[in-house]
Amino acid sequence: MNLSIKHLLGLEGVPREDIEAILKTAFSFREVLERPIKRVPTLQGKTIVNLFFENSTRTRISFELAEKRLSADTVNFSATGSSLAKGESLKDTVRNLFAMKIDAVVMRHAVPGSVKLLAQFVEAVVINAGDGTHEHPTQALLDMMSLQEKFGRLEGLNVAIIGDIRHSRVALSNIYGLRTMGANIVVCGPPTFIPYGIEELGVKVTYSLSEALSFADAINVLRIQKERQGKGLIPSLREYRNVFGITRQRLDAAKKSITILHPGPINRGVEIDTDVADSEHSIILHQVLNGVAVRMAILYLLLGGR
Amino acid sequence: MEFRVKARLADEQGLNRTITRLAHEIIERCKGTENIGLIGVRTRGDYLAKRIARKIEEIEGVKLPVGILDIVMYRDDFRMKHKLPRVEVTDIPFNVDGKILILVDDVIYTGRTTRAALDALMDFGRPAAIQLAVLIDRGHREMPIKPDYVGKNVPTSIGEEVRVLMKEVDGKDEILLVEETR
Numbered sequence: 000m001n002l003s004i005k006h007l008l009g010l011e012g013v014p015r016e017d018i019e020a021i022l023k024t025a026f027s028f029r030e031v032l033e034r035p036i037k038r039v040p041t042l043q044g045k046t047i048v049n050l051f052f053e054n055s056t057r058t059r060i061s062f063e064l065a066e067k068r069l070s071a072d073t074v075n076f077s078a079t080g081s082s083l084a085k086g087e088s089l090k091d092t093v094r095n096l097f098a099m100k101i102d103a104v105v106m107r108h109a110v111p112g113s114v115k116l117l118a119q120f121v122e123a124v125v126i127n128a129g130d131g132t133h134e135h136p137t138q139a140l141l142d143m144m145s146l147q148e149k150f151g152r153l154e155g156l157n158v159a160i161i162g163d164i165r166h167s168r169v170a171l172s173n174i175y176g177l178r179t180m181g182a183n184i185v186v187c188g189p190p191t192f193i194p195y196g197i198e199e200l201g202v203k204v205t206y207s208l209s210e211a212l213s214f215a216d217a218i219n220v221l222r223i224q225k226e227r228q229g230k231g232l233i234p235s236l237r238e239y240r241n242v243f244g245i246t247r248q249r250l251d252a253a254k255k256s257i258t259i260l261h262p263g264p265i266n267r268g269v270e271i272d273t274d275v276a277d278s279e280h281s282i283i284l285h286q287v288l289n290g291v292a293v294r295m296a297i298l299y300l301l302l303g304g305r
Numbered sequence: 000m001e002f003r004v005k006a007r008l009a010d011e012q013g014l015n016r017t018i019t020r021l022a023h024e025i026i027e028r029c030k031g032t033e034n035i036g037l038i039g040v041r042t043r044g045d046y047l048a049k050r051i052a053r054k055i056e057e058i059e060g061v062k063l064p065v066g067i068l069d070i071v072m073y074r075d076d077f078r079m080k081h082k083l084p085r086v087e088v089t090d091i092p093f094n095v096d097g098k099i100l101i102l103v104d105d106v107i108y109t110g111r112t113t114r115a116a117l118d119a120l121m122d123f124g125r126p127a128a129i130q131l132a133v134l135i136d137r138g139h140r141e142m143p144i145k146p147d148y149v150g151k152n153v154p155t156s157i158g159e160e161v162r163v164l165m166k167e168v169d170g171k172d173e174i175l176l177v178e179e180t181r
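Note that the protein sequences, when read in sequence, are chains U and W.
For the first sequence, numbering that gives the first Met the number 0 gives the first residue as 0, with consecutive numbering after it.
For the second sequence, numbering that gives the first Met the number 0 gives the first residue as 0, with consecutive numbering after it.
Treat the hints with care, as some may be off.
Restraint-style ranges between C-beta atoms, simulated for each label pair [as the list claims (entries may be wrong)]: (1) W:E56 to U:S278: 40 to 46 Å; (2) U:E16 to W:K30: 50 to 56 Å; (3) U:N75 to W:G97: 37 to 43 Å; (4) U:P194 to W:R53: 55 to 61 Å; (5) W:F2 to U:R15: 28 to 34 Å; (6) W:P92 to U:E148: 15 to 21 Å; (7) W:T19 to U:E148: 37 to 43 Å; (8) W:E56 to U:E16: 37 to 43 Å; (9) U:G151 to W:T19: 37 to 43 Å; (10) U:E33 to W:P154: 37 to 43 Å; (11) U:G268 to W:F93: 40 to 46 Å; (12) U:S55 to W:F93: 37 to 43 Å.
Rather than coming from a laboratory, the hints here were simulated on the basis of the structure.
Note that beta-carbon positions come from the ideal geometry of N, C-alpha and C, so glycine has one too.
Isolated chain U, as found in the complex (with noise of 0.2 Å):
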């Protein structure tokens, strides 16, 4: 049952008996999250850093909630109001914070690699909670278990990532997590949003959004990231909806059931429209449950045991 993994740094080159694992023991714990207590002793006397150095709701929250319910003692640490504020380096904030005996770290970063970098400066366990437009593991785990409780498996199925893909660490975890698993993948978006060479990675790519819903059992549409927009990658928001928003007629054109997943936060009305994500084929919803249980499998399985 232990994972060959030490950290979860991305999904890049994990094994499928990892992520099989991670599942299985996700689906185990979701029922503690329907108990009148929802709190179970595993990991009493652990103690665990959130250090977010980019903002998070949901991610955060999640995270937190998994820690609590699993009895583990958090530290909560944002960028904001500490030393970092002074100049102090990032190497420096994170030694020091290890001094006092920590456990484990859960780190977001907007630079790409620098959680794997921490992994390599300290004796704790890493979990990447989103380093910049690199990897965001959690997330597809939590989609993949999402995918696999609506569908019963994921191989062969058929999934389609819609979206800023160039600048996605959902995208790119996904990718890397349901090719192991064995699923095919088509990603979806306006050129200026496909990273060139995307292909190596096993994946598909069209331009044209109603090839992807023919093809898809599922979607997974992605935030129009506004904070990193700006560079004329597409001429409008309204543009890009008319092109690739997730619409209502264009479900109904695809005649047939597509499961709709998306990361959150969503933007209404842009990459998606209202009635379509509050749908009954929107499970984005359980992709949020979801992720509470996949968080307490992954500290389960890292931190039980050491």
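Starting from the known structure of chain U, fit chain W onto it as the hints suggest.
Only chain W this time, still in chain U's reference frame:
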């Protein structure tokens, strides 16, 4: 580790007789079946609980609710184990508040599993009472816990182990006393 079978404690018929007796004892002591819920501790305790429930249904014509408890999340030996135990799903499909819960396990040894199971059950509500039913009591308790219903008392040494095999997982019904040979 290698194991050698030292004794066969029960065969299919023997196991069935013991389950029948446990079922009778439970309804006798509880004066019927009212308000009872069975909770089986994974793994094998859950199959055992289902069999006891079936037996009680044969005797009294009442179907008792059965829940399955996985206690891995409540164990006290995480730091000592080299291999991390697999966490399975707990499924208690009824409200435990005010119920008399019969906790069912195959073998009681140190009592630590029962301790963990009691902690786990408390997180599901406030039962009226919890009673413990085991197939085999092999002694060597490390906790102040005593089962209410015992299938067989089997005095053992520390190097021995009691293996309960059940059709549902092992393909046959049998209880064995085995010894580590290394």
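Tested hints:
{"no.": "1", "hint": "W:E56 to U:S278: 40 to 46 Å", "in the structure": "holds (44 Å)"}
{"no.": "2", "hint": "U:E16 to W:K30: 50 to 56 Å", "in the structure": "holds (51 Å)"}
{"no.": "3", "hint": "U:N75 to W:G97: 37 to 43 Å", "in the structure": "holds (39 Å)"}
{"no.": "4", "hint": "U:P194 to W:R53: 55 to 61 Å", "in the structure": "holds (59 Å)"}
{"no.": "5", "hint": "W:F2 to U:R15: 28 to 34 Å", "in the structure": "holds (32 Å)"}
{"no.": "6", "hint": "W:P92 to U:E148: 15 to 21 Å", "in the structure": "holds (19 Å)"}
{"no.": "7", "hint": "W:T19 to U:E148: 37 to 43 Å", "in the structure": "holds (40 Å)"}
{"no.": "8", "hint": "W:E56 to U:E16: 37 to 43 Å", "in the structure": "holds (41 Å)"}
{"no.": "9", "hint": "U:G151 to W:T19: 37 to 43 Å", "in the structure": "holds (39 Å)"}
{"no.": "10", "hint": "U:E33 to W:P154: 37 to 43 Å", "in the structure": "holds (42 Å)"}
{"no.": "11", "hint": "U:G268 to W:F93: 40 to 46 Å", "in the structure": "holds (45 Å)"}
{"no.": "12", "hint": "U:S55 to W:F93: 37 to 43 Å", "in the structure": "holds (39 Å)"}
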